[in-house]
Amino acid sequence: MKLLDVSAIDCDVHPTVPDLADLLPYMEPHWRDTISDRGIEAFESISYPPNAPLSARPDWRDERGRAAQNVTSLATQALDRWNLRFAVGNCIYGVHMAFSEDLAAVLARAVNDWLVREWLDREPRLRASIVVPLQNPELAVDEIRRRSEDRRFVQVLLPAMAEAPLGRRHFWPIYSAAERAGLPIGIHAGSSYRHPVTPVGWPSHYVEDYASQAQAFQGQLASLVCEGVFTKFPNLKVVLIESGVTWLTPFLWRLTKFWRGLRSEVPWVDRPPSEIVREHVRMTIQPFDAPDGTERLERIIDHLQSDRMLLFSSDFPHWQFDGDEVLPNGFPESLVGRIAVDNPLETYPRMKECMP
Amino acid sequence: MDRHVVARADEIGPGERKLVHVRGRAVVLFNVDGEFFAILDRCPHQGGSLCEGRLTGLVTSKEPGQYEYSHRGAVIRCPWHAWEFDIRTGQSWCEPGRIRVKSFKTEVQAGAGLVQGPYVAETFPVTRDGDYVVIEA
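If you read the protein sequences in the order shown, they are chains S and U. For the first sequence, this note's numbering begins at 1 and goes up steadily by one. For the second sequence, this note's numbering begins at 1001 and goes up steadily by one.
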């Protein structure tokens, strides 16, 4: 089956805040003035520098060189073009970079309000992830509660690298609130840049930073499993977004192997980590880090021992592919319906509530 | 299934173990508080000698952060990769459904009872006084 025939669900697109000024109308006067008085100009991180080729495909950039800054460009360049049923908007903005918990909460609220007004209200095919101030789990829970009644929010968004490993109990109120609201936790590539973005220290180049993200995802996965997040929250799903895919199997092999010898350290992990991850964790497919070819791709999916884990994504407007090659070249046609419709609907049950 | 006398009961004290051989196979015999258990001296993973392993207890948990410690002295950890096995059943604690080491039924019998059987006296020296550990294998 071809992608265009299935009315696919794109699990990772990026509505992009054009400018901090666009968020000011969604802040109270005190914070609006604070931002101007303190001379804060932007909260963009170096995760996706605007001029980096990866940050936006050339043919999707506007005259200022920016992309995905309004709902019209998302609709014409992605939703219409690939006949998408839904797309999940993950707004990557530097909310998690602020040191002030209060400022982070204000920014998160402003981004979410902006998403509702400028994006969700204008495009019925769009869904979104709740941006939260991870700096303070209590405030993050408040934000989840504030948004979860709006059924167009389908996920809680966390950065891959932040204050501490995400399995720590400090963060559990967030998981509890997400599980209760039926929202998966989406972990997206990126960092608060508090700590080096590789385990060995600060790299010199962007390419090192981006390629090393997979290591951060591995660390988070190990933390979530070993700290017992999935034991404590048995209905919680976690989506790794823009994580790459093919590193998962060898990492799980290693984690499961060492768990067999070190199980008594984490006795609440009462079954093999590979099994827990297969049940609770999903991954978006762009960027797909494997050579082309159906046979190779089939073998990779076979190694995952599940066809439920992969979620179709374009990563729009990031430059992961050219033309309409949004699926990896040679992706098995028999699995298109599963990863582009069935798996997203199982992962984001709220989408089923108003199916077009 | 034959019965094999493998040791004098009083030569393995509580908490101690002894490597014995039954039909050419190495078997570890454990005394847990006066009760005897025997498992094959070969880890099903890669063949490590369980006799060389560390005897410990079983840690389980109802939820993260809570530890329950039981069966103290009844779990052996393979010296090679630390897989844990219940010495009473041979069952692994990492994947109980899939992995187990062979265990043997043991019992302690009086020497007087043993000499009466045709299958024991032939192969194992038995004296009349004291108790003996018998393995079914």
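Calculated from the structure, these hints are not laboratory results. There could be a bad hint or two in this list.
Computed cross-link-like contacts, DSS-like style, restricted to lysine-lysine with a CA-CA straight-line distance of at most 30 Å [claimed, not checked]:
#: 1; chain 1: S; residue 1: K2; chain 2: S; residue 2: K352
#: 2; chain 1: S; residue 1: K257; chain 2: U; residue 2: K1102
#: 3; chain 1: S; residue 1: K232; chain 2: U; residue 2: K1062
#: 4; chain 1: U; residue 1: K1062; chain 2: S; residue 2: K257
#: 5; chain 1: S; residue 1: K257; chain 2: S; residue 2: K232
Pairwise hint evaluation, K1062 of chain U against K232 of chain S, where the allowed Cα distance is 30 Å at most: Roughly 9 Å between the alpha carbons, so the hint for K232 of chain S and K1062 of chain U holds.
Within a Cα-Cα threshold of 30 Å, do K1062 of chain U and K257 of chain S meet the stated pairing? holds, 23 Å
Does the structure keep K257 of chain S and K232 of chain S at a Cα separation of 30 Å or less? Holds. K257 of chain S to K232 of chain S sits at ~23 Å (cutoff 30 Å).
Check whether the Cα positions of K2 of chain S and K352 of chain S lie no farther apart than 30 Å. holds, 22 Å
Is the straight-line distance between the alpha-carbon of K257 of chain S and that of K1102 of chain U 30 Å or less? holds, 21 Å
When held up to the earlier numbered hints, the structure conflicts with none and fits them all.
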